[in-house]
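*Asks:* Sequence:
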Amino acid sequence: MEERQYLMIEEELHQTVVLKLSHGAPDLKVLRSILPKHLGTKGNCLIGLLAPRQILLRFDQYEDYVLALSRSVNYLLYNGEEHQCRVFPWSIGYNPKEEMTLAVVWISLPNLSPNLFAKKSLLSIASAVGKPIAIDKATQIKSRPSSARVKVILDLMEKLSNCIRLQFVDGKSGKLIEGFQEIVYDNC
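Numbering (full-length UniProt numbering), first residue to last: 1 to 188.
Certain hints may be false.
[Stated by the list, open to error] Once the Cα atoms are required to be at most 27 Å apart in a straight line, the calculated DSS-like pairs of lysine-lysine come out as:
id, residue 1, residue 2
1, K42, K29
2, K20, K37
3, K97, K131
4, K119, K142
5, K172, K120
6, K131, K119
7, K119, K137
8, K37, K151
9, K120, K97
10, K120, K137
11, K37, K119
Treat the hints as calculated values from the structure; they're not laboratory data.
Model the full structure from these sequences, guided by the hints.
*Replies:* What follows is the structure in structure tokens.
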């Protein structure tokens, strides 16, 4: 792990998101009381002002972090009015004056061999296109063997691959198996 990643963990910024709010959104004091309920957090959520209309949310539970990122665009109801808010993963080098290029998307891996449905394998495969943050329930319990799904953080400025090359050792023969795996971006 590189030094910057260690610093993020040390400073408790590895489970942090940025919430961008529309004009007329409630002030920080109100947001601190309504955002945890709105996002459905189970653990603690530290909320601070990052820039005008930009809030930094730090979660102590990974599940809350993933849940918040899953709500990429949503509406916050306050005083009978809906205020649009967008959620982005925070990263080192984030500049509040620039548009965020990171997005959270589901990728599907159709016709993936069932022996590659193990968590370690899926996270390794998904890391070829982005930062994996979650595996969907059907993939975890192997109830949909036709396709595996992994939620990843992508940089939309990077070229999105349609397939990746896989290499693994066959457990029975000990031979190196090589093939290509199609990648489908579910919501890009």
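*Asks:* Of the numbered hints stated earlier in the document, which are not met by this structure?
*Replies:* Hint check: 9 and 11 fail, others pass.
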